[in-house]
Amino acid sequence: MSALMRIRDLSIAFAGLQALCDVGFDLAEGEILGLIGPNGAGKSTLLNCVSRVHQPDTGNVQFGDRNLLEYQIHDLAGLGIRRTFQNLELFRQATVLENIVIGAAFRFRPSMVSDLLWLGSARRAHDETRVLGQKLLQELGLTQYADTTVSALPYGVQKQVELARALASGPKLLLLDEPAAGMNPEESRRVGDTLRRLRGEYGITLLLVEHDMRLVMSVCDRVVVLDHGEKIADGSPSEVRGDPAVIAAYLGEEPTEAGA
Amino acid sequence: MTQIGAKRVVYAVTGAALLAAPLFLSHYGWFILCTAMVYALVALSLNVLVGIAGQISIGHAGFWALGAYTSAIAVQSFGVPFVVAIMLGGAMAAVFGAIVALPALRVSGHYLAIATLAFAVLVQQLLFEWESVTGGRQGLPVPRPSLGAELTSDFSYYYFLLALFLAAAWVVGNLRRSLTGRSLEALKQSAVAAQCAGIARARHIIFAFALSGFLAGVSGAVYGALIGRLSTETFSLTASLSFLTMAVIGGLGLEFGALLGGAFLALAPEVLRQFKDAEMVIYGVTLVLCMRFLPHGLVSLARLWRRG
Amino acid sequence: MSVALQLIVSGLALGSIYALLALSLVIVNKSTDVVNFAQGEMAMLGSFACFALLTGANVPVAVAMLAAFPIGVVFGVLVERIAIHPLSSAPPINSLIATIGLFLVFHHLAGWIWGYDPYRFPSLFSPDPLTLGDVRISQASLGILAVSLGVMALLYLFFEYTKLGIAMRATSMNRRAAQLMGVNVSRVSLTAWGLATGISVVAGILIAPLTFLDFEMMVTVLLKAFAGAILGGFNSLPGAVVGCLVVGVVENLFGAYISTTFKDAFAFGIIVLVLMARPEGLFTRLAGTKV
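Quick mapping for you: the protein sequence lines, in order, are chains Y, F and V. For the first sequence, position 100 matches number 100 in the numbering used here, and the numbering has no gaps at all. For the second sequence, position 304 matches number 564 in the numbering used here, and the numbering has no gaps at all. For the third sequence, position 254 matches number 822 in the numbering used here, and the numbering has no gaps at all.
Since the hints were made in silico from the structure, they are not lab data. If you're wondering where the values come from, they're calculated on a predicted model, not measured in any experiment. Hints are supplied without guarantee of correctness; some may be wrong.
What the hints assert, rightly or not - Below, simulated DSSO-like cross-link-like pairs (lysine-lysine); rule was C-alpha separation at most 30 Å, straight line:
1. Y:135 <-> F:448
2. V:598 <-> F:448
3. F:448 <-> Y:172
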């Protein structure tokens with residue numbers, strides 16, 4: 001498996017606080033990589049840098065033959081990179097289907113003039129994105145929620161919708177920020193199944209930030225550990241679990257309910 | 261009756277009323293109908309900017325002015341045909357719309373409101389000082405157009421304006437259900453998520469401002485021809501504030517709301533005139549009460565408003 | 569040189585009046601997340617009220633002036649309770665439009681009650697200029713500066729050392745946390761509006777002698793206060809003050825040396841430019857949302 005993404009020397013500071021310091025690792029194609037670490041370690045920050053929400057101070061993120069840091073946030077979807085968010089960033093006043101449609105929209109965009117005059121390309125884009133969205137909802141077992149407004153849905157379903165929205169454009173790489181947050185063990189297990197299915201059936205590479213150790217250990221091929229903005233371990237789940245530096249970093253932490 | 265059925269009935273009745281109205285009204289009534297159409301166009305422009313794109317503007321009189329003066333000067337000094345002139349007016353306002361969008365890319369909410377306010381005041385001042393072109397204190401005369409059929413009477417001009425409004429409403433309705441419109445609404449609800457989904461923020465916001473400017477500019481252009489004379493006093497802060505308030509009172513979520521807002525702004529002075537000095541005071545009080553009790557506008561009263 | 573100095577001093581005086589209004593705006597914004605577009609009009613009405621005391625009730629000048637702050641406080645509290653508090657859970661655009669509505673109400677209320685002609689408003693200060701060497705500085709400028717600085721000093725003490733002031737600072741930093749710590753957020757909101765309006769009426773009576781008292785008096789002052797607050801950073805009290813002082817001085821110099829007609833346009837130009845180039849102003853950092 002070749003490296004899909006290479007992160008090198010990634011550093012960023014906020015108001016004098018070093019959030020990331022020379023972080024680097026590879027992500028192999030078809031891999032499921034877990035990014036873990038105590039609170040405040042910089043995990044979400046790293047995801048934000050890769051997805052271009054933040055501009056790092058130094059570093060390099062090689063994706064194929066491109067340096068992602070030269071691109072803007074909205075370019076990434078076109079490159080096949082999508083993400084979910086720690087605190088759910090759904091379009092809350094829209095329906096589930098509309099959320100998915102937006103997820104697929106950029107692929108189909110007709111010109112703005114065509115949209116204003118409701119020309120053929122606008123109508124086609126409208127119809128095709130709906131069809132695509134409905135198909136995806138069916139594949140993910142969410143059809144019954146299609147016309148429900150997102151804000152009315154239970155948390156667990158909202159998480160699924162956000163994932164579905166990210167899948168709508170057929171991405172190669174998914175960045176997931178705490179996909180199992182707020183879930184009980186049964187729900188987490190289902191998340192794990194979904195992630196394995198995404199890799200197995202759809203061939204998507206996954207980089208996930210997680211606190212749920214059981215999920216991480218069972219699903220991830222490799223684990224990278226951050227602490228105070230630095231990488232302190234990088235290896236298989238069992239290697240990392242026994243690493244004294246990792247244990248020390250977590251000793252200052254309360255174990256999470258679903259964790260090891 | 262289903263909600264869609266009820267909607268269709270209301271639209272049909274309103275359509276019939278709009279078409280038949282001049283037959284039951286006096287000359288002055290025709291003039292009021294015309295101003296209602298002019299204002300409804302401005303309300304549409306704010307539906308786009310505020311309702312769909314989630315931006316703010318308390319300086320729309322600036323776009324209105326740019327459209328009005330560009331069109332009037334095009335007709336008077338360059339002999340441009342009327343329909344082309346109003347498109348030019350819209351285009352000029354659209355260009356400035358795109359420029360005003362630039363601060364909007366960096367700030368939002370109150371900061372943006374202040375920027376639009378500053379823009380409008382600047383436009384008004386510059387137009388006032390540029391006497392050679394705008395006529396300064398004497399104002400600029402604007403002739404009624406002739407489009408084959410004479411439009412000099414308010415009766416026929418009303419039907420022209422009605423057609424213009426309906427065309428504009430159709431375009432805005434298209435925008436709302438199209439991917440561009442949905443992208444704008446997505447940006448409004450979560451800019452980060454929308455961008456991570458591949459939606460280019462800058463392009464969309466500039467587009468929204470430009471389109472909004474265009475509609476407001478066209479409105480200004482036809483307003484000039486309605487009134488017959490342009491004076492920079494008209495394009496004041498009060499005008500901008502009136503525009504925003506009527507758009508909100510009518511309802512930003514539906515084109516029909518723009519019609520209600522336009523009617524409101526055209527009728528309010530008539531109804532309130534009897535209160536003389538207290539007119540604007542009552543207007544302001546209405547605004548505050550509306551925000552308190554009817555935050556989604558008159559349109560929500562009729563329950564015509566569909567989600568989003 | 570002496571002319572420039574005079575312009576600078578009077579510019580500082582003018583700027584300090586803008587600063588008082590800007591402080592009102594910032595205090596309200598920080599405590600309640602509302603930008604009060606009607607702040608200038610409230611100042612104007614309050615000034616008219618003082619004027620009414622003076623001419624109608626034949627109250628001595630000093631008393632009428634001292635009444636400015638308390639009149640403003642009462643006014644601010646009333647407006648907050650009646651129009652603003654009920655909207656605290658609605659979307660922000662609703663509050664914005666409500667303050668626009670209030671702008672229209674107060675603006676035209678003044679015209680309705682007192683008419684549209686300007687009135688002469690007495691100045692606290694003697695019209696004779698002070699002579700220092702070959703420089704003549706108006707007492708009014710110095711007096712205005714003194715009063716403004718006095719108000720700002722009192723504000724500083726209030727925020728630093730009083731329980732209510734500290735509670736207000738806490739609320740403006742994190743409303744939720746302040747609430748959880750037992751701060752009565754509703755009372756903070758009330759206080760903010762009362763305090764801010766009191767200060768703005770003081771600004772009103774300071775500028776009224778210079779511009780004549782009429783219903784239009786505060787409209788451009790509000791815009792310049794915005795310009796200064798944005799320049800200095802809308803969420804920073806000292807930043808807003810410095811920004812307004814700069815606006816006052818530059819406006820004066822611009823008006824004298826370049827053009828009086830475009831003086832106002834210049835201030836608005838500042839607003840647009842700063843918002844495009846550095847929206848957080850000179851002294852603050854724009855907070856992004858955490859994702």
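To see whether the hints hold, each was checked on the structure:
| no. | hint | in the structure |
| --- | --- | --- |
| 1 | Y:135 <-> F:448 | 26 Å, holds |
| 2 | V:598 <-> F:448 | 24 Å, holds |
| 3 | F:448 <-> Y:172 | 27 Å, holds |
Of the numbered hints stated above, none is contradicted by the structure.
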